[in-house]
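S.K.: Starting from the known structure of chain D, fit chains F, Y and B onto it as the hints suggest.
4 protein chains.
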Amino acid sequence: MDNYSTKRTHESETTVANIESTEATGNWGRWGPDDERGTLNLVTPDAVLAATRACTTGKVYSLALPIQRHGVPIFDYRGSPQRLSLTSYADAGMYAPLGAPEGRGANEDVLVIASHSITHMDALSHVFSDHVMYNGYGAETFTTAAGAQKLDITKTGSFAGRGVLLDLPKHLDVEWLEPSTLIDSEMLESCRAAQGTEIRPGDILLIRTGWLELFASGAAGFESGSEGGHAQPGIGFDALSFIDDHDIAAIGADNAAVEKMPFDRGDFVGVHVELLVKRGVTLMEHLFLSELSADDCTNFLLVVGALKVTGGAGSPVNPIAIG
Amino acid sequence: MDNYSTKRTHESETTVANIESTEATGNWGRWGPDDERGTLNLVTPDAVLAATRACTTGKVYSLALPIQRHGVPIFDYRGSPQRLSLTSYADAGMYAPLGAPEGRGANEDVLVIASHSITHMDALSHVFSDHVMYNGYGAETFTTAAGAQKLDITKTGSFAGRGVLLDLPKHLDVEWLEPSTLIDSEMLESCRAAQGTEIRPGDILLIRTGWLELFASGAAGFESGSEGGHAQPGIGFDALSFIDDHDIAAIGADNAAVEKMPFDRGDFVGVHVELLVKRGVTLMEHLFLSELSADDCTNFLLVVGALKVTGGAGSPVNPIAIG
Amino acid sequence: MDNYSTKRTHESETTVANIESTEATGNWGRWGPDDERGTLNLVTPDAVLAATRACTTGKVYSLALPIQRHGVPIFDYRGSPQRLSLTSYADAGMYAPLGAPEGRGANEDVLVIASHSITHMDALSHVFSDHVMYNGYGAETFTTAAGAQKLDITKTGSFAGRGVLLDLPKHLDVEWLEPSTLIDSEMLESCRAAQGTEIRPGDILLIRTGWLELFASGAAGFESGSEGGHAQPGIGFDALSFIDDHDIAAIGADNAAVEKMPFDRGDFVGVHVELLVKRGVTLMEHLFLSELSADDCTNFLLVVGALKVTGGAGSPVNPIAIG
Amino acid sequence: MDNYSTKRTHESETTVANIESTEATGNWGRWGPDDERGTLNLVTPDAVLAATRACTTGKVYSLALPIQRHGVPIFDYRGSPQRLSLTSYADAGMYAPLGAPEGRGANEDVLVIASHSITHMDALSHVFSDHVMYNGYGAETFTTAAGAQKLDITKTGSFAGRGVLLDLPKHLDVEWLEPSTLIDSEMLESCRAAQGTEIRPGDILLIRTGWLELFASGAAGFESGSEGGHAQPGIGFDALSFIDDHDIAAIGADNAAVEKMPFDRGDFVGVHVELLVKRGVTLMEHLFLSELSADDCTNFLLVVGALKVTGGAGSPVNPIAIG
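Chains as they are written, first to last, in this note's numbering: chain D, 87 to 409; chain F, 87 to 409; chain Y, 87 to 409; chain B, 87 to 409.
Possibly wrong hints are sitting among the right ones.
No distinction is drawn between identical chains; accordingly, a pair holds when it is met within one copy or between any pair of copies.
Calculated cross-link-like contacts (lysine to any residue; reagent style SDA-like; alpha-carbon spacing at most 20 Å) [as the list claims (entries may be wrong)]:
1. K256 with A280
2. K256 with I285
3. K364 with A317
4. K364 with E188
5. K145 with R286
6. K256 with E188
7. K364 with G352
8. K145 with N127
9. K364 with D333
10. K145 with L135
11. K145 with D132
12. K241 with S376
13. K241 with F161
14. K145 with K241
15. K241 with G189
16. K256 with A279
17. K364 with A343
I should point out that these hints are in silico values taken from the structure, not numbers from a laboratory.
Isolated chain D, as found in the complex:
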């Protein structure tokens, strides 16, 4: 079943050279010159096993928004997802030649959906900077026809670990953080301490900003076509030390980009570059964290099974938390 191997185009020599010539390459080479999994390497089987022991209620939470044309946050250039009918009751007659009795048949759909739609995760190939991606793989290894020949979603899309929620609106006693609020290490640590939440190396950090509640309120102006949706609370460069100090394996948030918008320091997708490109930290966006928040569930087993799209730069996901 080894259908998805791709020919080796990445040269270790190049990577080493890249690492030598670039001071701030974060985790490049940390798990070898061929690594395509980044900080998810921190979630060892032992860590996963320990995470299963974090569960105390057995309650299952879906952290995904529904996939539909309206009522959910969608950036215009990605198009609205489309569910189209492939077969239905109207086709019942087509099964008669196959021996189907009258009134029997099947309903099926076809989906047209951008991989970064609504609740989704980024593959490590999602962002490039200085013409390279995580671990020194060249940006040109993503081709139009084949997609990501390195760092595609099949490399990182299947994982589990201990999830921790930092519930900033609850900590700050607000409904949501105001658009453009900058979240830094101090705010994260203050929330963590107040919650009494322990964070262990390899944990998956989920940050609730309240953005989806703001979106649902209609006050964000997202759907009106204004630029309202482009002003969101999120982390900035000053949050990186918190992430580094705790050896976080992956990060999710309820906003569009994990990072603040407009971008901190005016640096286009600058925090993505720090996390995806330099550190190999997997990101998940538009997570639905309201139920976890309502239950004060801040520590849980988190399980993610993205679509294993060969060459994919991301995938819509439905992460499952078990409390």
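M.R.: Leaving out everything else, chains F, Y and B in the frame of chain D:
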């Protein structure tokens, strides 16, 4: 965030009437006249919590095949899935006006994929018989424009539970069951006993037939356009008592339809009708079970997060098992 | 090359019965009980040949708007059309094994587009009323899987004839007709007479309302999500006598539905029913008529080659007028 | 309605430089440094007017194959076209709130189709060589997100002119030319002379090879997955002088690539480079020429209205010939 409610079209009276007039309606009404979740109701939080204690190694298994145009089993009428590039390195220039330095940008895709492609799960609205679906919902509640207004994939696509694997080829000491092999309760029980596997109410039953190994060998003739792919080992009507006796919550298999093809007793999707329609048992198909088999991992936590497509009759999935 | 025949499901008896029982069935049976072409039958080879003699300048006009995500009128439920890249310069390397020298390759796209997007034509199967379509074909002959088994776009999508333009804004000396303006036979005749335009049986009638200029002005409020786009000038029931008297073969307009919106007499797609269903008159919408208007070109050869989609209920088109 | 202008990235200086440094750049600069229409410039209004006088029967021919999943030639990497239902009879109820009486509604589709599927035309941006396209536009002006910013299908997709058919199988008294037959200027001239067909500057040349009859016979092995479809009769480099001498405006054929396959002289898309890149000659492929052949119609008005897809590198087309 209650964007996906649909108007109530189902009448309890009708359901009751249906139940009275039909002897073999299995689980209709068992969880109330409005239930849309079927046997997944058997997986209580306590059962989930117990399932997390089943894990002993913390090893994470992805049970999905890759999503790609070739090398994986695809029924022709569903079309091959397409990953198309939305943005890439070639667009790096378009970010300059947004303040992006040279050589920085993002890779993104659009997917076109049938919901029942490759590794997937069926919503309870997937099959109808005698013009109705599970719990008496009318087949006409699936409309072309809106899809499933009842029993869509959002109702069943998020779950976790204790998974058990019945590894038939290993039990029978063959590489794979021959095409068209009928699997019955006796074969399942014999395998279970030999494995020493305990099955509890609410467990998720995964049946390995070896079909994907046969497919990968090329001997099945699936890709050659012949009807080879339409002869597969799978369960028949005689396996239902095993499923009923153990109060199974969901069933997955490595073949195309869980049930045998050509259909047992020549009854078109007959076992689907028994499971999906009458009992409300969720089905998953084309599961990649080879790694579990190689590790003799027959008892695990299984977590499924399908795409939450409003109106969807199914979804590609990447189920995660934790050993 | 006879790949698109479909099995005969339509019964002549039924048609006759329908005709007898329904007084106002217009052209049903006029070209035989099996006809799927409607008033396009009026455009005989002689009429086409005569139409070629209408050309006096040889200037070629494209009557289509561009197909793109923005800046053109699109009803939300149809989704924006998507042009996605299939291959490009970034894939140049993939041709090397085929003997391509460096720097050589091909650009290709994939389109995702609703058949009734932007400038398009309706197949005669587009609308049904009283459960039937033109010539008595049952609405159920359009199935989810196969689409239109009767009256699909392959039956009417290829035609040519003499086109005449009635340029109402120019006649009335306005930039555009106000939204919801009802166009009746009197207005059409007044315009025709003032223009000095002769209309012959089998002519294709193009009606300019100025709607696209109103749309382009931004004043229609179409793009802002309001219901502005749903108020448009167009013909009403009182225009039918003009169409009947002149034995028009097909009708096009620059608005969304040929007919007025909100619908005349509050009758949902009522004029569509009169034209498509009862008379079999082909309709084209969102035609770009501004260049013809600027040149005072009111009489021309019109040639239409729709996508020959088997089962299609319509098609985007780029009609060509030759002045 | 000027929605499709794109920013100017092409520098005349560069073009001039390219022309100076490359001996065989054919028509670069012939219609100015900014030209994006190539030899279609040869079809002046006078030529179009004269072409309308070529019609003698008024019979309308569609030169397109049907668009469907099977039974038509499709290269695998482009995927089969999909017609999916957007609305149908099953949705009739959704119109009731809009005032629709029972049994009234609309059928609509969504298409997913590669722009170079089945019967199609190439935009001048379809092929690049030495990193450039026609008239010196850089290959990198086709970007993943925006497609062709130069030479897209909107520039060439709307045209009409005098079409001439060279019917090689009829001339040679065979059903079809054998796969891999090389068509050269001598064969074209011999056929032209035997037919007594006059060719004028600006004519559109249609070449019938009989390939579609071979395909329909099943003998080509196209659908069986073998490489049979990749051996086709077509023109080679030696046919270019015929095309140049007659100042042909556009070329169509019934085969997959106009040019012979495997490629003449083993030069990957070498004739495409000569025609599209160097000369700016528009190409149309998989034209259905059998009806013209059956009627001995070798001289006609040809009208093409491709989909006006902004950024498109090609389009499916339904060219119309009027005899």
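S.K.: Now, for every hint given, state plainly whether the structure supports it.
M.R.: Now for the hints, and whether the structure bears them out:
{"no.": "1", "hint": "K256 with A280", "verdict": "within (10 Å within a copy, 53 Å between copies)"}
{"no.": "2", "hint": "K256 with I285", "verdict": "within (18 Å within a copy, 42 Å between copies)"}
{"no.": "3", "hint": "K364 with A317", "verdict": "neither (25 Å within a copy, 48 Å between copies)"}
{"no.": "4", "hint": "K364 with E188", "verdict": "between (60 Å within a copy, 17 Å between copies)"}
{"no.": "5", "hint": "K145 with R286", "verdict": "between (22 Å within a copy, 19 Å between copies)"}
{"no.": "6", "hint": "K256 with E188", "verdict": "neither (56 Å within a copy, 40 Å between copies)"}
{"no.": "7", "hint": "K364 with G352", "verdict": "within (19 Å within a copy, 44 Å between copies)"}
{"no.": "8", "hint": "K145 with N127", "verdict": "between (27 Å within a copy, 13 Å between copies)"}
{"no.": "9", "hint": "K364 with D333", "verdict": "within (14 Å within a copy, 49 Å between copies)"}
{"no.": "10", "hint": "K145 with L135", "verdict": "both (18 Å within a copy, 8 Å between copies)"}
{"no.": "11", "hint": "K145 with D132", "verdict": "between (22 Å within a copy, 8 Å between copies)"}
{"no.": "12", "hint": "K241 with S376", "verdict": "between (29 Å within a copy, 18 Å between copies)"}
{"no.": "13", "hint": "K241 with F161", "verdict": "neither (26 Å within a copy, 26 Å between copies)"}
{"no.": "14", "hint": "K145 with K241", "verdict": "between (29 Å within a copy, 16 Å between copies)"}
{"no.": "15", "hint": "K241 with G189", "verdict": "neither (44 Å within a copy, 24 Å between copies)"}
{"no.": "16", "hint": "K256 with A279", "verdict": "within (13 Å within a copy, 51 Å between copies)"}
{"no.": "17", "hint": "K364 with A343", "verdict": "within (17 Å within a copy, 44 Å between copies)"}
In the structure shown, a violation is registered for the earlier hints numbered 3, 6, 13 and 15, in ascending order.
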